[in-house]
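Residues per chain are reported as follows:
Number of protein chains: 2
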Amino acid sequence: MADEQQDGKGGAGEQPGAAPAEDRLTYEESGVDYDRIDPLKVLAQRAARSTGANLDGAGAGAREVPASRGESAYVVDIGDAYLASITECLGTKALVADAIRESGRTWYDHIAQDTIATAVNDLVTVGARPLSIHAYWAAGSSDWFDDVERMNDLVEGWKAACDVLGVAWGGGETPCLTGVVEKGAIDLAASCVGIIRPKSRLTLGEDLAAGDAIVLLESSGIHANGLTLARKLAERLPEGYATAMPGGRTYGEALLDPTVLYPPVTEAAFEAGIGLRYIANITGHGWRKLMRHPGRFTYRMTDVPPVPEVLRFMVDETRQTAEEAYGSLNMGAGFALFVRPEDGDAAVACAEAQGVRAWVAGVVEDGPRQVVIEPAGVTLSGESLALRD
Amino acid sequence: MADEQQDGKGGAGEQPGAAPAEDRLTYEESGVDYDRIDPLKVLAQRAARSTGANLDGAGAGAREVPASRGESAYVVDIGDAYLASITECLGTKALVADAIRESGRTWYDHIAQDTIATAVNDLVTVGARPLSIHAYWAAGSSDWFDDVERMNDLVEGWKAACDVLGVAWGGGETPCLTGVVEKGAIDLAASCVGIIRPKSRLTLGEDLAAGDAIVLLESSGIHANGLTLARKLAERLPEGYATAMPGGRTYGEALLDPTVLYPPVTEAAFEAGIGLRYIANITGHGWRKLMRHPGRFTYRMTDVPPVPEVLRFMVDETRQTAEEAYGSLNMGAGFALFVRPEDGDAAVACAEAQGVRAWVAGVVEDGPRQVVIEPAGVTLSGESLALRD
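Heads up: the sequence lines are chains A and B, in that order.
Residue numbering for the first sequence follows the working numbering, beginning at 1 and increasing consecutively.
Residue numbering for the second sequence follows the working numbering, beginning at 1 and increasing consecutively.
Hints were generated in silico from the structure; no laboratory data involved.
Given the structure is predicted, the values throughout are model-derived calculations rather than measurements.
Misleading hints may appear alongside valid ones.
One copy or two, either will do: identical chains are not told apart, so a pair holds if it fits within one copy or between any two.
In the DMTMM-like style, the derived pairs of lysine to aspartate or glutamate whose C-alpha atoms are separated by at most 25 Å in a straight line are [what the hints assert, rightly or not]: (1) Lys183 to Asp38; (2) Lys183 to Glu267; (3) Lys232 to Asp303; (4) Lys183 to Glu235.
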């Protein structure tokens, strides 16, 4: 089961010098209780894994790639190619757009891109090229559709993201689930199918090695993880989402900067022949995602990208420690490419040619499973990460 | 966009001899307002169609099959095979299971099969063999996971259906969407990817012709459409879901009989070399689904299958006319195969060998687009069906 908790976990407990507990805000306090959710995920992952042999000898000419089960997308071998598939939920970010609807915009074009990004950014981590996307938009009441501008923005934004990605919007579901979805709300998700062809593009990390360079790609802001915390913070601020941040933008509008779409970068890298040893989508759990590879490696980050203003604001206002921040938010890095050391600069140039800033920011080392973030004085250890079942 | 309104529309207005309005219950009265939902679906279908050329010349070696856009699953040509994909929502049926939780069972094993069925039964209509399924289970609060028996039933039921189908459960999403999904509720959906190989299996109905036989496959009960009406009826009955039906079973338990899985029948038909000219999944809009083919045909039904007790009960209690009933509920037929007249009996035998009762029940004729149900004295006309945009 792909690990995609949409709200990354913060909270490493009290730290020396941390702000008093009543000023701080962590995930448990926000109401997302991981101890309860994880049993379902673990049960489901095990049951799902047990179906893996269903394709064998079933006459379909297909079999699963078992190693993909710990990765961000599921892979099936169909002979001369692999198929990759995924379903991803936006989470609660649309509630932010709804809260600032009176701002004059609906922001659902951005929300559409966020939703698509949650799916495609995961799909491409296994080396796939996305082909088609299905939309899942479940409203809680018929009156959701009365906001014609919002409907149009959602549709146009969805199409625009598909056009940028060069994928087909194959269809979807637009049910009205009164009694299941909250009145006035909408549950947004995306499913994506992709192809890995030639098969040599399959990226599961078997070749990741000490010495490999870690290339970070910039984020645009919060992306789609950390929204429960972000919304709780808005409740505490006297001016809520309208709070002006130091640079002048309002908190709410900055939260709605759309997630960066990374497939154009991975496609360009494959076309340029840059060997991608591993790929990680930095979503829930923040920089802990850098150590999702099953191997015994230490990830030593010597540089950190600039932190987007909205994340700096959140961290400051919630008095998070650097460990909590880097362990739950993207902190300016939305995606990571792992390449041979000699390919680091080429990978950066590839990303920047696609309009995405990038940096050779770290190196893979043999050692205990951890992420060492030198400029922040933070070490994220492997025990706190249960990403692979 | 696949037309999959989970709650079929009843209501053809007053009929001569119909029961007084205050005794009757129709979809508008149930709160599902199709005039509002349809604009979004139409907007989305048009925008989605405009992305169709995104794959062309994009270096992916793939292009869409445009004719699939009016069908129940989306098809992409990848060279030596087609890929089919779909995402489908269960709808509100889980609320019935939740309402009768004190019955001693959770019924979520049945709910799991219903959810998977909504996806796979649509996918196979284009001739695909399902390969992998992704689960989408979005809860409204962390306490959903406290009902351990229910969690286990959902997981086990999901796995069991995958095992029956010979498909891999590839993964999924189990987010907690506080503020989007109602507290205590869960939004259930399934995504499915399939393969059409050899390409000759592609079934879009180009060869459907007058004289073709219509073979109906039995349903097990309500399946997953008509649940909003079913729930409204339960509110009106003095004993609600515990109401005993004439045969002795309670209304609630009968509603939860799981949807029949039809892929074993289509797989067997393809393997037996029975030419399937067209395939229709009877879901929302009841028997109107028999005329979803874009051609100008009349579908003359000379036989009708037995009506499951729970549907007979619903129709009687809500005082629906036969036209309303056949136009919104499956009325005993969950799936239809269209074959050459000489293949009718073979198709029936094929289904029955898979444990699904079937009947040669009608014939395709040249004529205005309508479904004529002779034993019920009902004609469903084509204007009331907006299934293809």
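Hint check:
| no. | hint | result |
| --- | --- | --- |
| 1 | Lys183 to Asp38 | between (27 Å within a copy, 18 Å between copies) |
| 2 | Lys183 to Glu267 | neither (40 Å within a copy, 41 Å between copies) |
| 3 | Lys232 to Asp303 | neither (30 Å within a copy, 60 Å between copies) |
| 4 | Lys183 to Glu235 | both (20 Å within a copy, 20 Å between copies) |
Violated hints, in rising order: 2, 3; the structure is consistent with all others.
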